[in-house]
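Trainee: From first to last, the protein sequence lines are chains R and D.
For the first sequence, the residue numbers in this note's numbering are 1 to 121.
For the second sequence, the residue numbers in this note's numbering are 1 to 111.
Hints are computed from structural coordinates only; laboratory data are not their basis.
Fair warning: this is a prediction, and the values are worked out from it, not measured in the lab.
All C-beta atoms, glycine included, are put in the ideal place defined by N, C-alpha and C.
Any given hint could be a false lead.
Chain D is nowhere near these chain R residues, computed Cβ spacing over 10 Å in every case [unchecked claim]:
| hint | residue |
| --- | --- |
| 1 | Gly8 |
| 2 | Ser118 |
| 3 | Ser121 |
Quick list of simulated restraints, FRET-style, between CB atoms [claimed, not checked]:
| hint | chain 1 | residue 1 | chain 2 | residue 2 | range |
| --- | --- | --- | --- | --- | --- |
| 4 | D | Ala31 | R | Tyr53 | 20 to 26 Å |
| 5 | D | Ser98 | R | Val2 | 26 to 32 Å |
| 6 | D | Pro14 | R | Asn74 | 42 to 48 Å |
| 7 | D | Glu83 | R | Asn74 | 34 to 40 Å |
| 8 | D | Thr78 | R | Asn74 | 39 to 45 Å |
| 9 | R | Lys65 | D | Ala82 | 40 to 46 Å |
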Amino acid sequence: QVQLVESGGGVVQPGRSLRLSCAASGFTFSGYSMHWVRQAPGKGLEWMTMISYDGNNKDYADSVKGRFTISRDNSQNTLYLQLNSLRAEDTAIYYCARDGDYGDPRPLDCWGQGTLVSVSS
Amino acid sequence: QSVLTQPPSVSGAPGQRITFSCTGSNSNIGAGLDVHWYQQLPGTAPKLLIYRNNDRPSGVPDRFSGSKSGTSASLVITGLQAEDEADYYCQSYDISLSAYVFGHGTKVTVL
Numbered sequence: 001q002v003q004l005v006e007s008g009g010g011v012v013q014p015g016r017s018l019r020l021s022c023a024a025s026g027f028t029f030s031g032y033s034m035h036w037v038r039q040a041p042g043k044g045l046e047w048m049t050m051i052s053y054d055g056n057n058k059d060y061a062d063s064v065k066g067r068f069t070i071s072r073d074n075s076q077n078t079l080y081l082q083l084n085s086l087r088a089e090d091t092a093i094y095y096c097a098r099d100g101d102y103g104d105p106r107p108l109d110c111w112g113q114g115t116l117v118s119v120s121s
Numbered sequence: 001q002s003v004l005t006q007p008p009s010v011s012g013a014p015g016q017r018i019t020f021s022c023t024g025s026n027s028n029i030g031a032g033l034d035v036h037w038y039q040q041l042p043g044t045a046p047k048l049l050i051y052r053n054n055d056r057p058s059g060v061p062d063r064f065s066g067s068k069s070g071t072s073a074s075l076v077i078t079g080l081q082a083e084d085e086a087d088y089y090c091q092s093y094d095i096s097l098s099a100y101v102f103g104h105g106t107k108v109t110v111l
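Sequences and hints are given; from them, build the entire structure.
Mentor: This is the structure:
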């Protein structure tokens with residue numbers, strides 16, 4: 001079945017970097033655009049970034065533009081999120097999600113279990 | 001601050017019908033863009049509940065339904081059950097922000 005598994009989270013000091021991964025299985029990864037969404041403790045969902053199926057198009061929320069970079073390796077069925085210059089307010093669970101088949105915009109139809117990033121000195 | 005406004009909480013007794021809204025603007029819902037709804041059970045990842053305003057993914061009970069009119073959308077739960085206690089988020093796209101947007105979320109409590 002469709003599965004997304006995030007990894008790479010942890011505790012990191014302010015100003016440092018971290019790279020998150022999302023391993024996809026159960027579907028043709030190279031045929032789907034992908035998203036990263038985060039959720040701060042006790043807060044709502046915040047969309048951060050999306051990458052097209054071929055990696056040629058990327059969109060970012062203003063809150064992370066210039067600091068975070070999305071990428072993908074279709075040969076490895078893996079999505080990445082590079083987090084640079086981390087701040088305390090970046091502390092959150094980070095979810096990867098698949099862009100669905102129908103709708104404008106398309107829904108996020110499959111989500112991973114999330115990986116926790118904690119930014120603290 | 002989200003551009004999609006939802007009530008923070010809604011409650012109902014088992015078996016009741018509840019409804020709650022997601023209010024946007026002419027740069028998102030009112031621009032004819034679709035609204036999707038997600039259910040997030042405590043301690044779990046979000047799950048797609050309603051897509052394209054009123055369609056249900058396979059496996060979602062038909063007591064969940066959605067609608068859209070103008071700059072707003074609504075989610076209805078009929079025959080409320082204890083297992084429906086969760087946070088519910090609406091989502092669309094905002095043309096002015098060039099970004100996907102989520103509502104603040106509505107916490108549903110079953111009394």
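Trainee: None of the hints should be skipped; say for each whether it holds.
Mentor: Each hint tested on the structure:
1. Gly8: holds (16 Å)
2. Ser118: Non-interface label stands for Ser118(R): nearest chain D Cβ at 17 Å, farther than 10 Å.
3. Ser121: Fine: 27 Å to the nearest Cβ keeps Ser121(R) off the interface.
4. Ala31(D) with Tyr53(R): 20 to 26 Å: holds (25 Å)
5. Ser98(D) with Val2(R): 26 to 32 Å: Once the Cβ atoms are compared, 28 Å apart, the range 26 to 32 Å for Val2(R) and Ser98(D) holds.
6. Pro14(D) with Asn74(R): 42 to 48 Å: holds (47 Å)
7. Glu83(D) with Asn74(R): 34 to 40 Å: holds (38 Å)
8. Thr78(D) with Asn74(R): 39 to 45 Å: Taking Cβ atoms as reference, Thr78(D) and Asn74(R) lie about 42 Å apart, which means the hint holds.
9. Lys65(R) with Ala82(D): 40 to 46 Å: holds (42 Å)
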